[in-house]
Amino acid sequence: MAYEPSDRTGADDGADALALKILVAGGFGVGKTTLVGSVSEIRPLRTEETLSRAGELVDDTGGVDRKTTTTVAMDFGRITIRAGLSLYLFGTPGQDRFWFLWDELSQGALGAVVLADTRRLEDCFPAVDYFEHRKIPFVVAVNCFEGARSYREQEVSRALDLDQGTPVVLCDARDRDSGKEVLVRVVEYAGRMHTARHLDTVG
Amino acid sequence: MNDTHGDGPGGPPAPDSRWYDAEAGPLVRPYAMTGGRTRPGPGGERFDLIALVVADDDPPNPDEEAVLGPEHRDLLALCRAETRSVAELSADADLPVGVVRVLLGDLLESGFLRVSRPVPPAQLPDARILREVIDGLRAL
Ligand SMILES: Nc1nc2c(ncn2[C@@H]2O[C@H](COP(=O)(O)OP(=O)(O)OP(=O)(O)O)[C@@H](O)[C@H]2O)c(=O)[nH]1
Ligand SMILES: [Mg+2]
Chain W
1 MAYEPSDRTG ADDGADALAL KILVAGGFGV GKTTLVGSVS EIRPLRTEET
51 LSRAGELVDD TGGVDRKTTT TVAMDFGRIT IRAGLSLYLF GTPGQDRFWF
101 LWDELSQGAL GAVVLADTRR LEDCFPAVDY FEHRKIPFVV AVNCFEGARS
151 YREQEVSRAL DLDQGTPVVL CDARDRDSGK EVLVRVVEYA GRMHTARHLD
201 TVG
Chain Z
1 MNDTHGDGPG GPPAPDSRWY DAEAGPLVRP YAMTGGRTRP GPGGERFDLI
51 ALVVADDDPP NPDEEAVLGP EHRDLLALCR AETRSVAELS ADADLPVGVV
101 RVLLGDLLES GFLRVSRPVP PAQLPDARIL REVIDGLRAL
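Sequence lines, in order, name chains W and Z.
Quick note on full-length UniProt numbering: the first sequence kicks off at 1 and runs consecutively.
Quick note on full-length UniProt numbering: the second sequence kicks off at 1 and runs consecutively.
Please keep in mind that the hints were generated in silico from the structure rather than gathered at the bench.
Check before you lean on any hint, since a few could be wrong.
As the list claims (entries may be wrong) - To give an idea of the interface, some chain Z residues facing chain W are shown, with a C-beta separation under 10 Å as derived from the structure: (1) 51; (2) 52; (3) 54; (4) 65; (5) 67; (6) 68; (7) 73; (8) 78; (9) 83; (10) 94; (11) 98; (12) 116; (13) 127; (14) 139.
Being a predicted model, the structure only gives us computed values, none of them experimental.
Idealized CB from N, CA, C, for every residue including glycine.
Same shape as in the complex, but just chain W:
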């Protein structure tokens, strides 16, 4: 079979390289693109969905050659930790109508960042719901825009009705160090969640 498992031993040809994925979600204009851009070299990624795929839920439109696709752009960034270990960031499209993209993006994701703006906290509810339901470890990063009253982490956590333990971190999406810290919190939290689940299965 042409597929190679990534834990394959032997040749140092990149086949044993490891790629990790972190999603950046949140409401419209909350700073997703800014965050991905401040911590990585950002590039737009064009993806297109065929009518048939999403359209499974609606009418079948018939023959293969009549299928059309729609193009959706998302943010994409890579952070190279070392040769053979990279972190990939995907800024999910903010619009709810692209929900079908999230399913693919979240598959195998290490974790996620839900960006929030305290002036319109409700905009991040769908993202919070989404990751909670799928048990994908996420942190809520409150992007501190000027003019917004500052809140404490616990206030945000309560307002969002977050599960206990879900980290809330205040950040400035424009600031590289701040963005890095957000990612660190995701990785730490994902590690804790994973260990806990592992112990659950073993014990």
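Since the structure of chain W is already known, use the hints to place chain Z with the ligands on it.
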């Protein structure tokens, strides 16, 4: 949290809801370069966005390469320069992800490439690797 906030992404769409609208971007015909095919890879397997693509070190003979289309060759050249994820290939070649998946499927099938599956989440994340990622991030 509960669902009183309405359907989030991934929530069940209302039966009559359209999944795209005018703002969703242009509706385009499938690309000629994939010959109208939209099912990527052998067996229609969809390559993950972060699946890593490596040029095979024992590729088919040059005759077979000569008949490849320009997009196939672009992708092959990129893979030969450096191991890349499907997402990067798409961004680097400036081709939509779906098109790249189909083309990679061809190249995989004819033996030019190998594709490594991302580690399934259940095997993620080795504590040592995560430590490395955290230290690496802080050192950026
Ligand atoms: N003051 C301030 N402005 C910010 C901050 N983060 C982002 N912005 C600005 O807010 C605007 C929206 O930011 P984007 O990064 O484009 O937001 P987005 O979430 O990618 O937006 P969409 O993709 O349209 O949903 C831009 O003008 C940013 O410069 C921040 O922390 N503080
Ligand atoms: Mg954006």
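Structure-based check of each hint:
1. Of the supplied interface hints, the one on residue 51 of chain Z holds, with its beta-carbon coming within about 8 Å of a beta-carbon of chain W, less than 10 Å.
2. With a least beta-carbon distance of about 5 Å to chain W, the hint placing residue 52 of chain Z at the interface is held under the 10 Å criterion.
3. Residue-level restraint check for residue 54 of chain Z holds (minimum Cβ-Cβ distance to chain W is 5 Å; threshold 10 Å).
4. Residue-level restraint check for residue 65 of chain Z is violated (minimum Cβ-Cβ distance to chain W is 17 Å; threshold 10 Å).
5. Here the hint on residue 67 of chain Z is broken, as its CB sits about 19 Å from the closest CB of chain W, past 10 Å.
6. A distance limit of 10 Å between C-beta atoms decides the matter here; for residue 68 of chain Z the minimum to chain W is near 17 Å, and the interface restraint is violated.
7. Checking residue 73 of chain Z against chain W by beta carbon gives a least distance of about 19 Å; that is not within 10 Å, so the hint is violated.
8. For residue 78 of chain Z, the interface hint is violated, since its Cβ never comes within 10 Å of a Cβ in chain W; the closest pair sits about 13 Å apart.
9. Checking residue 83 of chain Z against chain W by beta carbon gives a least distance of about 3 Å; that is within 10 Å, so the hint holds.
10. Given hint, residue 94 of chain Z at the interface with chain W, holds; its Cβ is 8 Å from that chain's nearest Cβ, closer than 10 Å.
11. Nearest Cβ of chain W to the Cβ of residue 98 of chain Z: about 5 Å, under the 10 Å cut. The hint holds.
12. Using the Cβ-Cβ criterion of 10 Å, the hint placing residue 116 of chain Z at the interface with chain W is satisfied: the shortest such distance is roughly 4 Å.
13. Taken as an interface hint, residue 127 of chain Z checks out: its beta carbon lies about 6 Å from the nearest beta carbon of chain W, inside 10 Å.
14. A least Cβ separation of about 9 Å between residue 139 of chain Z and chain W falls short of the 10 Å threshold, and the interface hint therefore holds.
When held up to the earlier numbered hints, the structure conflicts with 4, 5, 6, 7 and 8 and fits the remainder.
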